[in-house]
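Chains as they are written, first to last, in full-length UniProt numbering: chain U, 1 to 338; chain L, 1 to 338; chain R, 1 to 338; chain G, 1 to 338; chain Y, 1 to 338; chain H, 1 to 338.
Treat the hints as calculated values from the structure; they're not laboratory data. Predicted, not measured: the structure shown is a model, and the values here were computed from it. Treat each hint with caution, since some may be false.
Unchecked claim - Covered stretches of chain G, as calculated for chain H (at least 3 residues, CB under 8 Å):
#1 18-26
#2 36-43
What the hints assert, rightly or not - So these bits of chain R aren't anywhere near chain H, every CB distance computed over 10 Å:
#3 22
#4 66
#5 69
#6 186
#7 228
#8 233
#9 299
#10 332
Even glycine gets a Cβ: it sits at the ideal position worked out from N, Cα and C.
Listed here are the chains, written in short residue letters.
Number of protein chains: 6
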Amino acid sequence: MSAPAPVVAFGELLFRLTPPGQRMMVQADSLDLIVGGAEANVASGLASLGHAVRFVGLVSDNVLGDRAVSALRGAGVDTRFLARAPGRMGLYFMESGAGPRPAAITYDRAGSAFTCADPSDIDFAGALDDARLLHSGGITPALGPAGMALARAAHAAARQAGVPICFDGNYRAQLWQSWDSDPRGILRDLVSDATILIGNHRDISLLLDRPFSGDGEDRRREAAMAAFDAFPQLQIIASTARHLVTASHHRIAARVDRRDGAHQTAEIDVTGIVDRIGTGDAFAAGVLHQWLEGGDAAAMAQAGLALTALKHSIAGDFCLVGRAALDGFSASGGDVRR
Amino acid sequence: MSAPAPVVAFGELLFRLTPPGQRMMVQADSLDLIVGGAEANVASGLASLGHAVRFVGLVSDNVLGDRAVSALRGAGVDTRFLARAPGRMGLYFMESGAGPRPAAITYDRAGSAFTCADPSDIDFAGALDDARLLHSGGITPALGPAGMALARAAHAAARQAGVPICFDGNYRAQLWQSWDSDPRGILRDLVSDATILIGNHRDISLLLDRPFSGDGEDRRREAAMAAFDAFPQLQIIASTARHLVTASHHRIAARVDRRDGAHQTAEIDVTGIVDRIGTGDAFAAGVLHQWLEGGDAAAMAQAGLALTALKHSIAGDFCLVGRAALDGFSASGGDVRR
Amino acid sequence: MSAPAPVVAFGELLFRLTPPGQRMMVQADSLDLIVGGAEANVASGLASLGHAVRFVGLVSDNVLGDRAVSALRGAGVDTRFLARAPGRMGLYFMESGAGPRPAAITYDRAGSAFTCADPSDIDFAGALDDARLLHSGGITPALGPAGMALARAAHAAARQAGVPICFDGNYRAQLWQSWDSDPRGILRDLVSDATILIGNHRDISLLLDRPFSGDGEDRRREAAMAAFDAFPQLQIIASTARHLVTASHHRIAARVDRRDGAHQTAEIDVTGIVDRIGTGDAFAAGVLHQWLEGGDAAAMAQAGLALTALKHSIAGDFCLVGRAALDGFSASGGDVRR
Amino acid sequence: MSAPAPVVAFGELLFRLTPPGQRMMVQADSLDLIVGGAEANVASGLASLGHAVRFVGLVSDNVLGDRAVSALRGAGVDTRFLARAPGRMGLYFMESGAGPRPAAITYDRAGSAFTCADPSDIDFAGALDDARLLHSGGITPALGPAGMALARAAHAAARQAGVPICFDGNYRAQLWQSWDSDPRGILRDLVSDATILIGNHRDISLLLDRPFSGDGEDRRREAAMAAFDAFPQLQIIASTARHLVTASHHRIAARVDRRDGAHQTAEIDVTGIVDRIGTGDAFAAGVLHQWLEGGDAAAMAQAGLALTALKHSIAGDFCLVGRAALDGFSASGGDVRR
Amino acid sequence: MSAPAPVVAFGELLFRLTPPGQRMMVQADSLDLIVGGAEANVASGLASLGHAVRFVGLVSDNVLGDRAVSALRGAGVDTRFLARAPGRMGLYFMESGAGPRPAAITYDRAGSAFTCADPSDIDFAGALDDARLLHSGGITPALGPAGMALARAAHAAARQAGVPICFDGNYRAQLWQSWDSDPRGILRDLVSDATILIGNHRDISLLLDRPFSGDGEDRRREAAMAAFDAFPQLQIIASTARHLVTASHHRIAARVDRRDGAHQTAEIDVTGIVDRIGTGDAFAAGVLHQWLEGGDAAAMAQAGLALTALKHSIAGDFCLVGRAALDGFSASGGDVRR
Amino acid sequence: MSAPAPVVAFGELLFRLTPPGQRMMVQADSLDLIVGGAEANVASGLASLGHAVRFVGLVSDNVLGDRAVSALRGAGVDTRFLARAPGRMGLYFMESGAGPRPAAITYDRAGSAFTCADPSDIDFAGALDDARLLHSGGITPALGPAGMALARAAHAAARQAGVPICFDGNYRAQLWQSWDSDPRGILRDLVSDATILIGNHRDISLLLDRPFSGDGEDRRREAAMAAFDAFPQLQIIASTARHLVTASHHRIAARVDRRDGAHQTAEIDVTGIVDRIGTGDAFAAGVLHQWLEGGDAAAMAQAGLALTALKHSIAGDFCLVGRAALDGFSASGGDVRR
């Protein structure tokens with residue numbers, strides 16, 4: 001039994017600490033501990049669908065890091081290329097929100113072991129040796145000069161190994177503004193390596209420094225075509241459009257653009273929302289699932305939509321949807337399955 | 001103070017094991033333990049309304065069985081005729097579901113002490129000696145040859161004692177398919193003993209091996225009349241029609257057919273659903289409550305509807321609605337009662 | 001740093017004991033313990049907005065009383081004028097309700113240390129010495145002759161010290177009916193001391209013993225004008241109108257009447273309701289916040305509406321909304337704040 | 001199957017409310033809810049051993065009372081003679097203690113529905129009609145004139161029906177001092193009806209108003225003989241001697257005196273104490289168990305000792321030890337039973 | 001980075017379901033869910049110490065099986081050779097015990113997917129291809145003819161691949177007695193394949209059908225020598241001696257016999273016991289850890305003793321002790337490590 | 001009612017995050033959140049005994065800081081001089097330990113808002129204006145140059161205001177070693193300002209750079225006299241001697257040295273330990289309590305010993321012992337207080 005070629009995800013592992021139920025932080029006597037991170041969430045989603053997935057990165061060499069590694073392993077992700085080093089875990093504290101009170105995040109991720117890592121601490125070449133895909137994204141380079149160097153090293157190793165790259169825009173203004181950064185320049189470089197981009201017309205506007213004025217699907221197509229022009233390597237652009245009805249009821253549509261056409265799904269109602277965090281990453285996992293299976297734009301959009309919708313019903317960052325649940329997806333859920 | 005004549009319920013007691021909140025099984029570090037079983041749920045519903053109720057059956061003679069007995073006693077049900085014998089408890093594991101992720105049940109009830117019992121292990125005659133009604137249903141005979149024998153013995157004892165029978169169809173394809181069974185034949189025999197049938201046009205189609213092609217109320221009336229023709233002893237057929245809006249919002253109507261006419265309630269909105277399990281049993285309890293009180297078809301349908309609606313707001317299998325709450329039922333609930 | 005002049009709130013501190021989740025009392029193995037009380041809730045709301053607030057009253061001199069004092073202190077309220085005396089805590093037990101099952105309260109507050117207190121047990125003059133406002137309400141006098149005496153003593157001390165009074169009607173029929181009381185007479189006396197009245201046309205009908213027959217805003221204005229006529233000291237009347245859609249979705253509008261005009265807000269949807277208790281007190285806190293800041297009728301109505309809406313999303317009696325959350329209020333909440 | 005003659009227990013049902021773990025009350029955000037009461041605890045102990053047990057008394061006719069009834073029923077006790085009436089539940093709040101911090105109880109039981117009941121509210125004659133024994137005790141008459149009247153009525157009904165009485169001294173100074181009481185006179189009257197007394201030399205000193213100066217077993221025998229002299233009906237006196245090593249390690253011996261001799265067990269070590277409350281009641285249940293089985297003084301003392309020791313390992317007031325666990329009792333417990 | 005040669009563990013994965021705290025089963029409203037199984041526990045212990053470990057076996061192909069797989073993966077064990085098949089999970093229910101009340105297990109593992117598996121369902125050859133050691137034990141063959149066949153197939157594959165075997169006696173009389181079994185014959189065959197035996201003189205008595213009459217260390221040495229005579233392949237016998245002081249305080253010594261000598265450690269006090277289950281498996285893991293590192297008898301005995309002692313402080317079946325904690329082991333624990 | 005002169009405590013507020021029960025971090029799905037910090041713990045202890053206490057310092061101006069402030073307020077401490085500023089909260093993660101597994105702390109406090117504060121951010125002069133005592137300690141200056149500056153500023157303000165200083169050595173090697181520090185020089189300067197020193201002979205050795213070779217009390221007296229020589233302002237030195245029997249059983253003695261003599265208490269057994277953290281701070285609070293009351297060395301040592309012993313029974317950092325519990329202290333605790 002020789003192991004299948006894995007998807008490799010690269011990024012930071014974080015702890016989410018959140019008061020139980022809908023308590024506010026000021027009322028909290030305990031905090032639920034959830035392990036996540038944008039790229040780890042994608043890894044969990046692909047592993048749950050049965051794909052071989054490897055996570056590469058670096059995490060604290062203490063009991064907190066052990067906890068993070070255990071979560072990723074529990075989700076079926078290969079962590080042999082997850083380096084360990086002294087330093088703190090990145091954290092974020094989250095209040096869950098309800099009705100008119102929005103969920104709110106207080107970041108405490110600066111100075112983490114990952115943020116302080118040097119590219120030489122991580123064996124990118126080894127991790128990518130036999131890989132089918134590298135999944136990385138826009139949070140790592142936003143963490144500071146060290147994060148930028150890590151992101152560049154990951155891309156370089158993938159290019160070297162001939163491994164295609166999926167890049168998730170994940171633009172976080174707050175992080176970019178915390179240091180003397182050039183987000184456009186850095187992100188352009190990284191996106192220019194990518195075969196797949198997870199991002200919408202706003203991400204592309206930012207990258208290309210131009211507005212897209214049209215409406216709805218037209219604007220999205222125009223932006224996609226501009227990106228395809230600017231980034232010759234790029235083959236696929238995937239995005240969602242989300243409309244908030246209430247905190248526990250959103251409407252979502254998914255879209256995949258290729259150079260030769262696009263598919264946009266109908267908008268579906270997602271009700272009974274349990275956890276909003278990680279739903280974008282679940283979308284990416286759904287798209288990549290179909291890309292790995294050889295699906296077309298419609299299949300990728302549909303799988304992305306289904307996985308993001310299902311993730312809204314799952315507590316925690318990780319997407320734990322198996323293939324049967326994905327195949328049997330219906331937006332309305334339905335009665336108890338006996 | 002001489003004890004009033006009891007309703008006797010007969011069936012299996014089960015443990016429901018379910019991850020807390022809306023966690024998936026793969027995330028569970030603990031499981032909520034709930035005691036239930038279709039007929040026990042009906043027993044709990046009638047006892048909570050103040051009726052004398054006795055449960056007859058057989059349960060493991062270990063600490064798990066003690067737990068089940070304690071729950072039934074706690075609900076006010078007489079358990080003196082609940083035999084104890086070696087063997088395992090029937091279990092089912094349930095994930096709660098949310099939004100597009102349906103609740104899902106994994107059964108682990110095969111080979112339970114009840115499923116392996118012999119009719120002679122249970123004192124049906126003693127239990128039914130002074131009874132007003134026997135409540136049994138279609139799950140027991142579906143459990144296998146032993147279950148079929150138990151169901152037949154219960155009915156025989158009731159016939160012997162001149163006690164009328166209420167039979168709840170509760171058709172479970174999965175159970176019937178797990179052995180070399182003849183569901184139609186077995187269920188026809190059992191229904192032919194019944195004075196009251198809980199079941200809709202689909203149950204009757206199955207019993208009579210014929211479709212009912214009409215629409216809405218017409219189809220239901222046609223099916224009921226066919227059942228009255230086929231089963232001379234049958235006087236009452238009670239059923240609900242349920243429409244799922246979202247996982248926490250259903251629309252439900254109730255209907256009672258008698259030989260000389262029928263009553264179907266308006267459809268009501270049931271929102272804020274806490275627990276879907278046992279709501280059909282609560283409907284049966286509501287119908288039987290009015291039957292015991294001498295109510296007409298409209299009263300039975302209305303009480304069944306109210307009890308099933310209220311049960312959706314109660315965690316666990318058991319229906320714990322008292323007479324005041326039933327009498328004060330309003331589908332909209334209303335503001336805090338101070 | 002000399003301390004700013006405080007708002008003084010006066011009333012009883014209570015324990016709310018409620019089964020976790022949506023369990024019924026008969027299912028409870030534990031009870032959540034929440035400290036509250038109408039006037040304490042207002043105090044918590046104002047303190048959370050940064051106002052200096054002092055609570056005056058009397059609470060059991062045992063570990064239960066310690067718990068209540070700790071909660072109030074934790075919310076930032078000065079408790080130096082909260083006397084301690086032997087006797088029990090006032091309690092109420094609450095089932096949370098869901099869908100058609102309304103939340104229900106079982107009171108157990110008779111004979112509490114507060115209810116048995118004598119005006120001389122409490123240093124009203126000291127507490128009010130340097131105060132900007134006294135907040136009291138209609139529950140204290142409803143508790144019996146001792147409560148009535150306490151309420152009168154509080155008002156007398158405020159008059160003596162030249163401190164304006166805000167009086168919240170909070171009419172509780174059940175309490176008034178439990179003794180040989182004259183609610184109208186007692187409440188008229190107390191309202192005649194007030195500069196601000198929290199109460200709607202039904203409260204005014206009761207006070208003035210006359211109906212107001214108009215519709216909507218007209219009826220409310222007519223009632224307000226009648227109250228201004230009857231109570232020469234009265235300058236402001238604030239009220240809400242609430243419409244229940246489901247147990248977790250209400251529609252609410254707020255209104256403030258002044259002698260020279262009124263402002264009524266548009267009705268907003270409050271969804272995802274976590275806790276209904278204390279939302280009226282949060283409204284009062286919002287109105288008083290703007291009164292303290294010198295806001296006009298519209299500002300008071302808007303702040304009251306925002307604070308009551310936000311309180312629906314907060315578990316417990318206390319209103320823990322800070323100034324930034326109030327300023328950023330939007331009825332729809334919105335996506336996660338990162 | 002005709003029901004066996006039951007033991008009848010009479011007393012008040014209480015809620016114990018205690019912070020989880022070893023939290024202090026001032027730290028509590030929730031309270032564990034436990035149903036108990038000295039005589040109900042004895043009832044639970046006998047029912048768990050398989051004896052027919054009936055509880056007679058009166059409890060609130062609200063959801064709190066429902067909770068208490070459910071607990072007693074769940075333990076297998078017949079509650080048909082438990083009257084329901086308006087009024088509050090008796091409560092007590094308990095901090096658990098640890099090491100040098102003793103567990104501490106704050107009572108809040110005054111004015112409960114039971115304390116306010118009239119003998120005519122309770123059908124003592126019906127409950128005792130076919131009984132083998134009445135178990136009552138010294139807490140009920142200590143509750144005030146109404147409690148005293150209830151205790152006398154229970155005894156009178158037992159005398160009338162020829163049912164022997166077991167009386168548990170349970171002297172609570174705090175309760176007797178809360179009203180203008182004559183504890184010695186009242187208790188002497190009640191003990192003079194008893195065949196069995198649960199109490200030690202200190203209880204007898206109090207009853208007979210004389211000291212017993214000897215040491216150890218001699219003093220206990222002297223006291224017992226004095227009690228047999230004073231109370232001609234009395235046949236059995238059962239007591240324990242307890243020595244505290246630490247909060248979770250006690251040493252206990254048990255003793256039963258008969259007119260013709262006595263048996264005192266060796267002292268055993270009880271370690272790993274989970275719950276101290278109800279251990280005296282478990283002792284009474286053990287003694288009565290052997291009395292019902294026809295055991296001699298040694299058997300009664302031994303069963304009492306075993307049951308009280310085992311109860312220390314069980315959370316809650318109730319003694320839930322089955323016959324197999326009692327028969328297999330070893331003070332040292334032993335390794336996991338597989 | 002080529003993967004190191006793994007230790008392969010083979011056995012059944014089970015769920016332990018246990019009421020929280022020290023509740024009895026009859027009091028349980030929820031059950032803690034713990035994944036374990038003797039050989040999986042050894043696997044977790046070795047993986048936590050940094051060894052490459054692979055688990056081979058078969059588990060239910062449903063969400064329960066997913067949970068079990070996730071736990072094993074989370075502990076760092078390679079589960080690629082863990083087959084999935086229809087059928088139930090083996091379960092056991094456990095009450096925790098306290099003081100005189102022993103922990104008690106109710107098994108519900110009959111008929112599990114593993115128990116019904118055929119050797120051809122599991123890829124033993126693949127799993128053992130590159131292995132350093134096979135760890136198996138006496139529970140699998142005790143499960144019935146199918147279990148026996150699985151155990152034999154595992155050993156055969158190891159022999160074929162030239163992989164040494166460690167066999168843990170783990171004699172379970174209850175399992176062997178549940179079918180028409182020949183434990184001695186079956187176990188002799190399996191032990192004859194082993195290089196390492198985890199078992200004491202009682203296990204050897206059973207295997208060889210003869211008593212060992214000496215005292216203490218002499219008896220243990222005599223038994224070991226008899227085993228070395230009977231099983232020519234056997235090189236190492238490891239065992240513990242345990243003395244129960246109280247349920248939370250044991251005294252334990254460890255011993256390793258080789259053909260040319262033995263080492264028995266001093267007895268140490270293990271206090272503050274959190275979880276007794278899996279402590280024998282932790283001992284085996286400690287012995288194997290030193291065997292893999294090339295340690296002598298003393299090193300094996302010492303590591304076994306340290307790991308078993310530390311496991312008593314860890315909740316759950318798995319041994320999660322890292323190398324630093326093992327190296328820093330002191331029986332007295334010591335003050336907080338800052 | 002004019003407010004009494006407060007004790008002022010100065011230091012950092014921290015969050016302790018610890019897995020519930022005795023779980024290891026790698027097993028944690030939630031973390032208990034506890035607010036503490038050495039000087040805040042002393043503040044809580046004095047406030048619980050009824051002293052006026054003010055806390056001065058600086059904490060994050062976000063919801064985490066709100067939580068910390070709320071805890072301190074809830075304990076009755078005046079927080080008006082607690083500044084708020086951007087930045088993170090200091091955290092530490094703690095595993096609880098059991099038996100041979102010691103509790104272990106992972107610090108994550110570097111770069112906190114407090115650690116980055118400038119003396120000018122805090123109104124030391126205002127806070128100390130009317131104070132009786134300043135309590136500070138050796139952790140603040142160990143945090144780095146900024147912490148050192150804060151500590152010096154606090155002392156300078158106290159000297160300016162003529163307020164005596166109590167300094168708790170609290171030597172933390174790990175913190176001092178994390179920067180280019182001169183612990184001896186810095187601490188000597190700070191101790192030279194102190195009237196009271198909490199610290200033992202090891203702390204004094206470090207300050208004076210010399211060993212104390214004697215035994216037991218002699219060595220302690222010699223060290224104390226050396227400190228009195230070196231620090232002319234110093235009047236009182238208080239310390240404990242702790243001996244660990246097991247993780248839940250320690251033996252502790254307390255000692256107070258004055259220039260003219262000393263008092264050392266007998267050693268007491270502290271069993272049933274719930275929480276070790278903050279027990280040293282409770283000792284300091286007990287000593288200061290008697291100093292504030294004018295007690296002699298024996299009274300200070302005795303109160304310190306009692307408070308530290310009682311704190312071992314209280315979960316969390318804060319010492320919540322009231323005056324009655326302190327006065328009624330007995331090392332053995334005793335039976336339930338009814």
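Now the hints, each set against the structure:
Counting residues of the stretch 18-26 of chain G whose beta-carbon sits less than 8 Å from any beta-carbon of chain H gives 5, enough to reach three: the coverage restraint holds. Counting residues of the stretch 36-43 of chain G whose CB lies closer than 8 Å to any CB of chain H gives 0, which falls below the minimum of 3, so the coverage claim is violated. In this structure residue 22/R is separated from chain H by more than 10 Å, as the shortest Cβ-Cβ distance comes to about 21 Å. For residue 66/R, the requirement that its beta carbon stay farther than 10 Å from each beta carbon of chain H is not met, with the minimum near 8 Å.
Its beta-carbon lying about 8 Å from the closest one in chain H, residue 69/R breaks the requirement of being farther than 10 Å from that chain. With 10 Å as the threshold on Cβ separation, the claim that residue 186/R sits away from chain H holds: the shortest Cβ distance comes to roughly 30 Å. Its beta-carbon lying about 37 Å from the closest one in chain H, residue 228/R satisfies the requirement of being farther than 10 Å from that chain. Look at residue 233/R: its CB is around 29 Å from the nearest CB on chain H, clear of 10 Å, so calling it non-interface holds up.
For residue 299/R, the condition that its CB be more than 10 Å from all CB atoms of chain H holds, with the nearest at approximately 25 Å. Distance check on residue 332/R: its Cβ is at least 21 Å (rounded) from any Cβ of chain H, clearing the 10 Å threshold; non-interface status holds.
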